[in-house]
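**Q** Below are the chains, spelled out letter by letter.
Number of protein chains: 2
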Amino acid sequence: MSVTTKATIASFGGKLLKLSHAAKTTNCEMNFNLYLPPQALKSSQKVPVLIYLSGLTCTADNCSEKGFFQHGASKKGIAVLYPDTSPRGLNIPGENDAYDFGSGAGFYVDATKAPYNNGYNMYSYVTEELPKTVFEAFPQLDSNRVSITGHSMGGHGALTLMRWVGANWRFKYLRNPGKYKSVSAFAPISNPINCQWGQKAFGGYFGEDQTAKWKEHDATELVKNWKGPLDVLIDVGTGDNFYKQGQLLPENFEKAAKEAGIQGVNVRYQPDYDHSYYTMASFADDHVEHAAKYLLA
Amino acid sequence: MSVTTKATIASFGGKLLKLSHAAKTTNCEMNFNLYLPPQALKSSQKVPVLIYLSGLTCTADNCSEKGFFQHGASKKGIAVLYPDTSPRGLNIPGENDAYDFGSGAGFYVDATKAPYNNGYNMYSYVTEELPKTVFEAFPQLDSNRVSITGHSMGGHGALTLMRWVGANWRFKYLRNPGKYKSVSAFAPISNPINCQWGQKAFGGYFGEDQTAKWKEHDATELVKNWKGPLDVLIDVGTGDNFYKQGQLLPENFEKAAKEAGIQGVNVRYQPDYDHSYYTMASFADDHVEHAAKYLLA
Chain A
48 MSVTTKATIA
58 SFGGKLLKLS
68 HAAKTTNCEM
78 NFNLYLPPQA
88 LKSSQKVPVL
98 IYLSGLTCTA
108 DNCSEKGFFQ
118 HGASKKGIAV
128 LYPDTSPRGL
138 NIPGENDAYD
148 FGSGAGFYVD
158 ATKAPYNNGY
168 NMYSYVTEEL
178 PKTVFEAFPQ
188 LDSNRVSITG
198 HSMGGHGALT
208 LMRWVGANWR
218 FKYLRNPGKY
228 KSVSAFAPIS
238 NPINCQWGQK
248 AFGGYFGEDQ
258 TAKWKEHDAT
268 ELVKNWKGPL
278 DVLIDVGTGD
288 NFYKQGQLLP
298 ENFEKAAKEA
308 GIQGVNVRYQ
318 PDYDHSYYTM
328 ASFADDHVEH
338 AAKYLLA
Chain B
48 MSVTTKATIA
58 SFGGKLLKLS
68 HAAKTTNCEM
78 NFNLYLPPQA
88 LKSSQKVPVL
98 IYLSGLTCTA
108 DNCSEKGFFQ
118 HGASKKGIAV
128 LYPDTSPRGL
138 NIPGENDAYD
148 FGSGAGFYVD
158 ATKAPYNNGY
168 NMYSYVTEEL
178 PKTVFEAFPQ
188 LDSNRVSITG
198 HSMGGHGALT
208 LMRWVGANWR
218 FKYLRNPGKY
228 KSVSAFAPIS
238 NPINCQWGQK
248 AFGGYFGEDQ
258 TAKWKEHDAT
268 ELVKNWKGPL
278 DVLIDVGTGD
288 NFYKQGQLLP
298 ENFEKAAKEA
308 GIQGVNVRYQ
318 PDYDHSYYTM
328 ASFADDHVEH
338 AAKYLLA
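Heads up: the sequence lines are chains A and B, in that order. With positions in the first sequence counted from 1, the corresponding number in the working numbering is that position plus 47. With positions in the second sequence counted from 1, the corresponding number in the working numbering is that position plus 47.
Quick caveat, the hints were computed from the structure, so don't treat them as lab data. Among the hints, erroneous ones may be present.
Same chains, same label: a pair holds when it works inside one copy or across any pair of copies.
[What the hints assert, rightly or not] Restricting the straight-line Cα-Cα distance to at most 30 angstroms, the calculated cross-link-like pairs of lysine-lysine (DSS-like) are:
1) 62 to 122
2) 65 to 123
3) 62 to 291
4) 291 to 89
Please model the complete structure; the sequences and the hints are all you need to start from.
**A** Next comes the structure, spelled out in structure tokens:
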């Protein structure tokens, strides 16, 4: 469980650490970044953590450089954990051939279909192994106060990894009822079973015959069975080409929540904003604020 | 003087425009970025402009994506103009061979030595042709309220392009006594005639025999002859490897100012910060604030 520090970079009064560790769930060395706000460097009090899940093609670095989360996190005293988006270097034939499947495109699921079931376990990695590693290595982080957010494929991750207690799809959620204090997303793939990106990924990681499994990882399906309060902040740009192409389908998520009588799904359609980090940077403070409401309550 | 719009990107309530134009001073098509804050889109009042000059190897895009000037500029109602760092594609033999000379390394001077005197005129480009082009194309920008800042080579640019009225090195400064309302810099090459980067660039652009010319573009030499008030904000990270290697020499600039009895040179040595955009992002708001004091006075 040891963590290697590859770089320490001053950022907004805190430190951005570039780290790596030998991960068992993914069978490879995994890079990740961790932003420690100034409060985590100076005080003996533990700070909460916001996990940011990246989108297709990204590593931990993109949002660390361009997402502007450190700005708000520094002010609020929240650490930000940036995982990578897939295993790396497993040498599975074809894993580097497409931008939307295989490396850089783990989709935050545990693959059941060969050959990807040998290492493409980003669900277990992000929900279990990485947090366990990080909380052991950094005792100044509070494992009881964790929120989650993400972009595009990472928005899908954030919306499906959250505590879907009411959903009963997977009993394991019940084992960690307080896993995430809050959830938000930028341009999330909100209904993957009904878009090309999701169908390709779920077909490749689960197989075509596992539609029940597909639904376990589809936010729109999960929200239909939600019981209890919900407070989800979602930003989608109206100038986002992937939104226009029907890859994101936030309206399906909204509709399903409404039909299930669920309040608290706040989708903001931001005029002209695109799918890029310019959008994340513009609204990162709002998402840190959203998490802070719960993490600092 | 026509300007081509290559992209329009929503950012912090305003628009980042990716633009290009056929520049006469540099004999090529030049890319540049312009951030229009929300105030420039909605109001009939003109907004002031902050010019940001980039460092070695950069284009207009790096700081637009990673510098976070848009955050503060959006709040203050200031446009940000991001020029490129050299001519591109002139096909001068060797111009692409080094990261610190030729393309990406124009040093904000007008070259006098062949073959670079044919197009490497970034001084004239940044002080004359680009602003003229921009103010014609965007009447919502106020040509009477312009400030300048920059990073590394661009910090050198900012400190040497400013209105050195007292210096009398070049009469042309006197023709535009109000060219820049304020100046600031990140990790500037402050004494190029005494560092490797500067000596290589000035030797290549001016020749070894033109030491008087070299001094005209050296901030430390210029400040010695300054008469009048000065208010320069400079941030340098103590973890900056180029600072440690003696490429920046801000202490020489400070010392020269002090010996000339000049107040108002505020060099902040930021503990552990490095030479990267993480540093710029962390203090961009302060530099926008510094410019706003004068631009919005």
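**Q** With reference to the structure, classify each hint as holding or not holding.
**A** Cross-check of the supplied hints:
For a Cα distance limit of 30 angstroms, the shortest separation of residue 62 from residue 122 qualifies both inside one copy, at 13 angstroms, and across copies, at 26 angstroms. Taking the closest pair of Cα atoms, residue 65 and residue 123 come within 30 angstroms of each other only inside a single copy of the chain (21 angstroms); across copies the shortest separation is 33 angstroms, beyond that limit. Only between protomers do residue 62 and residue 291 lie at most 30 angstroms apart by alpha-carbon distance; the minimum there is 20 angstroms, versus 38 angstroms within a single protomer. Taking the closest pair of Cα atoms, residue 291 and residue 89 come within 30 angstroms of each other only across two copies (26 angstroms); inside a single copy the shortest separation is 46 angstroms, beyond that limit.
The structure meets every hint from the earlier list without exception.
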